[in-house]
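**Q** Since the structure of chain X is already known, use the hints to place chain C on it.
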Amino acid sequence: MALNRDKVGTSYPPYTYEVAREKIREYATALGETDPRYFSDGDDCVAPPTFAACFTLTKGGEAAFADPELGTHTTLVHGSQRYAFGDRPMRPGDTLVCTPRIADISDRGSNEFLVIEVDCRFADTDELACRSEATIVFLGSAERDGQEGAA
Amino acid sequence: MSEVTVGTQLPTIEQRATLTTSVMYAGASGDMNPLHYDEGFAADVSPTGGIIAHGMFSMGLASRVLTGFVDGPEDVLEIQVRFTRPWPLGTTSTFGGKVSAIEDGVATVELHGTNESGDRILRGKGRVRV
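Chains X and C, in that order, are what the protein sequence lines are. Heads up: the first sequence begins at 1 in the working numbering, then just goes up one per residue. Heads up: the second sequence begins at 1001 in the working numbering, then just goes up one per residue.
Okay, chain X solo, but in the shape it has when bound (with noise of 0.2 Å):
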């Protein structure tokens, strides 16, 4: 069954995220980084710029996932992502809040183009964290001449 393009422009309730240093610290190592800041207990303790991956991909989609209005399928892969920084680096203690949209839905082939945006602003200050924008592809689930995907 194809997504419901009704969807697109739909916001979804905003989730908080705490940004803690031991969690840095085992994004960093799990990518191989060296920059001691990343390991640091004082206040020079700052996130690499992908630990947004911790709380924008399986946080971030859970929501349209669960809607059964857009009809989601598990036949899919991440084709791409793109973050955008604000000028504050993300550090321990931080709170962020988070809101995912449905910013686009489209299709080529018989596959499926999902792009689930996730605007991040600090709590203290509402300034910008970053933007996710994920595009997940649905494999085989365009509608094609008006009938069904052949998936």
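Check before you lean on any hint, since a few could be wrong.
[Stated by the list, open to error] When the alpha-carbon atoms are kept at most 30 Å apart in a straight line, the in silico DSSO-like pairs for lysine-lysine are as follows: (1) 1098/C with 7/X; (2) 59/X with 1125/C; (3) 23/X with 59/X.
Just so you know, these hints were derived from the structure itself, not from any lab.
**A** Okay, now just chain C, sitting in the frame of chain X:
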């Protein structure tokens, strides 16, 4: 940092994908899709028939190319990538980048991740303060 001009090549990073790197990335990122660590599950659903690394692991390494080139994460304004091929465990990929434009103190970097056969597993772009 030495002078940056259009055409400047960024230092590359080589990484072998293993079950250990995959399990560590799954735990760290919270992406517990078994495609990235469960052989039986991967045999049924993987495009390669085997376990493949997280796309986001490859993006993280492309991001390391950027942060290693500038002074750190504060100088990264944007990063975007397309995952163009799966990255099977047991294979090594090389991540690098090249400055394609500089304007108002911001460099655009074309990013790539390349497998052992020379095929691109990732293509992307970063914008960094220089």
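**Q** Now, for every hint given, state plainly whether the structure supports it.
**A** Structure-based check of each hint:
1. 1098/C with 7/X: Violated, because 38 Å separates the two Cα atoms, which is more than 30 Å.
2. 59/X with 1125/C: holds (25 Å)
3. 23/X with 59/X: The hint holds at about 16 Å.
Taken one by one, the earlier hints fail for this structure only at number 1.
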